[in-house]
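There are 2 protein chains.
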Amino acid sequence: MKVTLAMGNGGEENLELIERIQKFFHNDYLQKAEDATPLDGIEKPVMTTDSFTISPLFFNGGDIGKLSIAGSCNDLAMMGGRPLFLTFGLIVEEGFELKMLDKILNSMAKELKINGAKVVAGDTKVVPKGSVDGVFINISAIGERQASLSQRNIEEGDVLLVSRDIATHGAAIFAAREGIELDNQIQSDCASLWPVIEELMENVDIKAARDATRGGVAAVLNEWARARGLTMEIDEESIPVSEPVKGICEILGFEPLVLANEGTFVAAVSSKEASRALEILKKHNPNAAIIGKVGTQYPKKAILKSPWGTKRFLDMPSGEILPRIC
Amino acid sequence: MKVTLAMGNGGEENLELIERIQKFFHNDYLQKAEDATPLDGIEKPVMTTDSFTISPLFFNGGDIGKLSIAGSCNDLAMMGGRPLFLTFGLIVEEGFELKMLDKILNSMAKELKINGAKVVAGDTKVVPKGSVDGVFINISAIGERQASLSQRNIEEGDVLLVSRDIATHGAAIFAAREGIELDNQIQSDCASLWPVIEELMENVDIKAARDATRGGVAAVLNEWARARGLTMEIDEESIPVSEPVKGICEILGFEPLVLANEGTFVAAVSSKEASRALEILKKHNPNAAIIGKVGTQYPKKAILKSPWGTKRFLDMPSGEILPRIC
Chain A
1025 MKVTLAMGNG
1035 GEENLELIER
1045 IQKFFHNDYL
1055 QKAEDATPLD
1065 GIEKPVMTTD
1075 SFTISPLFFN
1085 GGDIGKLSIA
1095 GSCNDLAMMG
1105 GRPLFLTFGL
1115 IVEEGFELKM
1125 LDKILNSMAK
1135 ELKINGAKVV
1145 AGDTKVVPKG
1155 SVDGVFINIS
1165 AIGERQASLS
1175 QRNIEEGDVL
1185 LVSRDIATHG
1195 AAIFAAREGI
1205 ELDNQIQSDC
1215 ASLWPVIEEL
1225 MENVDIKAAR
1235 DATRGGVAAV
1245 LNEWARARGL
1255 TMEIDEESIP
1265 VSEPVKGICE
1275 ILGFEPLVLA
1285 NEGTFVAAVS
1295 SKEASRALEI
1305 LKKHNPNAAI
1315 IGKVGTQYPK
1325 KAILKSPWGT
1335 KRFLDMPSGE
1345 ILPRIC
Chain B
1025 MKVTLAMGNG
1035 GEENLELIER
1045 IQKFFHNDYL
1055 QKAEDATPLD
1065 GIEKPVMTTD
1075 SFTISPLFFN
1085 GGDIGKLSIA
1095 GSCNDLAMMG
1105 GRPLFLTFGL
1115 IVEEGFELKM
1125 LDKILNSMAK
1135 ELKINGAKVV
1145 AGDTKVVPKG
1155 SVDGVFINIS
1165 AIGERQASLS
1175 QRNIEEGDVL
1185 LVSRDIATHG
1195 AAIFAAREGI
1205 ELDNQIQSDC
1215 ASLWPVIEEL
1225 MENVDIKAAR
1235 DATRGGVAAV
1245 LNEWARARGL
1255 TMEIDEESIP
1265 VSEPVKGICE
1275 ILGFEPLVLA
1285 NEGTFVAAVS
1295 SKEASRALEI
1305 LKKHNPNAAI
1315 IGKVGTQYPK
1325 KAILKSPWGT
1335 KRFLDMPSGE
1345 ILPRIC
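Chain order of the listed sequences is A and B. Letter 213 of the first sequence, counting from 1, is numbered 1237 in the numbering used here, and no numbers are missing. Letter 194 of the second sequence, counting from 1, is numbered 1218 in the numbering used here, and no numbers are missing.
Treat the hints as calculated values from the structure; they're not laboratory data. Errors might be hidden in some of the hints.
One copy or two, it doesn't matter: identical chains are merged, so the pair holds either way.
[Claimed, not checked] Straight-line Cα separation of at most 30 Å, DSS-like style, residue types lysine-lysine; simulated pairs:
#, residue 1, residue 2
1, Lys1317, Lys1306
2, Lys1056, Lys1324
3, Lys1047, Lys1325
4, Lys1153, Lys1127
5, Lys1153, Lys1026
6, Lys1307, Lys1270
7, Lys1068, Lys1134
8, Lys1142, Lys1068
9, Lys1123, Lys1153
10, Lys1137, Lys1123
11, Lys1056, Lys1325
12, Lys1335, Lys1317
The whole structure should be built from the sequences, with the hints applied where relevant.
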């Protein structure tokens, strides 16, 4: 059965589609929803929004549904926010298979549970064939801040870590699109980060965290360097990259540092907390690593240090990196 | 100058596009935004989300930018919520004119002021030509509830009002698409309703309000009837419809009651408050009218009474009413 235009037009068939969707997200808040949904009070809210236009919709390691919930909740988690309430905006192309839509909605529901968050409002638009490519999803999310993680806290001497080996999401999507066959298929890192961030916050005085999505780790390091007028000094050899990802990067001529991740973050902690932070990160992924520290030599720059003592600037990525990666 | 794929990919050009967009929405919250934006505490939040896929993007009486902010804030207002914080998700087609984008953003900024609301987070995705038709916008909004307007408050004997003449948005979009030339061009009712709702709430014990968007007034009345197990009894002759809209409806064979509005609402008040409510509504639009009352004769139904005493059911709209109306 396919999605029809009539299902998106505010009438009887629209109510049926809404009911079909709502059963994936059942909760007490949705019961009270009319034009908008009354929620419980929030003392320290933190809010984010993200649209997802990824192609293909289903990929090794996830799909647009999982990606949309994980990605939005991750943005809250990076600010120390426990994910609470989410809204979704689905834009569906006429003729899209309802069975595929169910699969996407099911992935969303599963990922919500991992975050302990609830969908409290949704909107579904069906547009004529050709007006959109398949399904686009917008998620807005609001959470309660448990600690004030922020790039503003980053200081000289802080240690930088990554939570796992990098660039798998970008490499997986690339390989899928280009039809590259590998012995070890690369799986996207697509995952919710709230559980590991929560454990980190409870045990370590973590200063800042950022998930390395579009633009990859290079974008995070450059943004932090610019925001603080400091230098992000990275030991190139310490950056964890798996062999299959290295292979893809060589074929395509890309640096892993600019490829997108969807469940990998960079963290800044004071030097005395670094080994404890690494220990916790390694419990969640053995490839977590300390990758460098915060210096002052080249203000607003990120630099890569080679094992032979040479240095080069790691620039902010530019150009057409990869459209529809998320 | 046109939007390029490079502007949507997390790198240098992406930052430039973000800066271009942010200057329309400048505020203190955005200054503190990183992956997510810290907000002030909200005691009685109410939240909504809506995607806008309207075609054409610019129409008589508004554009997708004005529509998106007004439409989302209206959903909060209908629940008694003062609009506070909004997020937007822009999905832009590669090659879209930046000048047109500026025009849309400017309309958004103007409408935000009317609502006293602020954009606190945004996301912009650029997708390859053909993956989306022009620009789609998602808005999520959170407000603070000033009174508990809800369909749950509706009781037998309550009086039903509309805030102005109906069906102008649907008729205007129809006329524009079909290329129908009229002596009096129809202007969409697209407008923010918070100011009139606020005045109503301050002066009248208003029970429920709902803006009659997709599915029109017919959808609102049927939803209320079903939610309360009551009858919405409408005097057909009392429904305000302008002559040009009547003309369009005759040409196209539509009932004004099923056509979309974007700045028109139905309100339910106790009978003793009805004349006071009408007085306030008329200050904002002289075509506001009392259109009927709440009865019990046909549970879960809306009925239309003719001036000759005959009755017919006003059904929930169904079928392909009009895609991309909002």
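Consistency of the hints with the structure:
no.: 1; hint: Lys1317 x Lys1306; in the structure: within (19 Å within a copy, 66 Å between copies)
no.: 2; hint: Lys1056 x Lys1324; in the structure: between (49 Å within a copy, 19 Å between copies)
no.: 3; hint: Lys1047 x Lys1325; in the structure: between (49 Å within a copy, 25 Å between copies)
no.: 4; hint: Lys1153 x Lys1127; in the structure: both (21 Å within a copy, 27 Å between copies)
no.: 5; hint: Lys1153 x Lys1026; in the structure: both (12 Å within a copy, 25 Å between copies)
no.: 6; hint: Lys1307 x Lys1270; in the structure: within (24 Å within a copy, 68 Å between copies)
no.: 7; hint: Lys1068 x Lys1134; in the structure: both (26 Å within a copy, 28 Å between copies)
no.: 8; hint: Lys1142 x Lys1068; in the structure: both (18 Å within a copy, 17 Å between copies)
no.: 9; hint: Lys1123 x Lys1153; in the structure: both (18 Å within a copy, 27 Å between copies)
no.: 10; hint: Lys1137 x Lys1123; in the structure: within (22 Å within a copy, 43 Å between copies)
no.: 11; hint: Lys1056 x Lys1325; in the structure: between (50 Å within a copy, 21 Å between copies)
no.: 12; hint: Lys1335 x Lys1317; in the structure: within (14 Å within a copy, 78 Å between copies)
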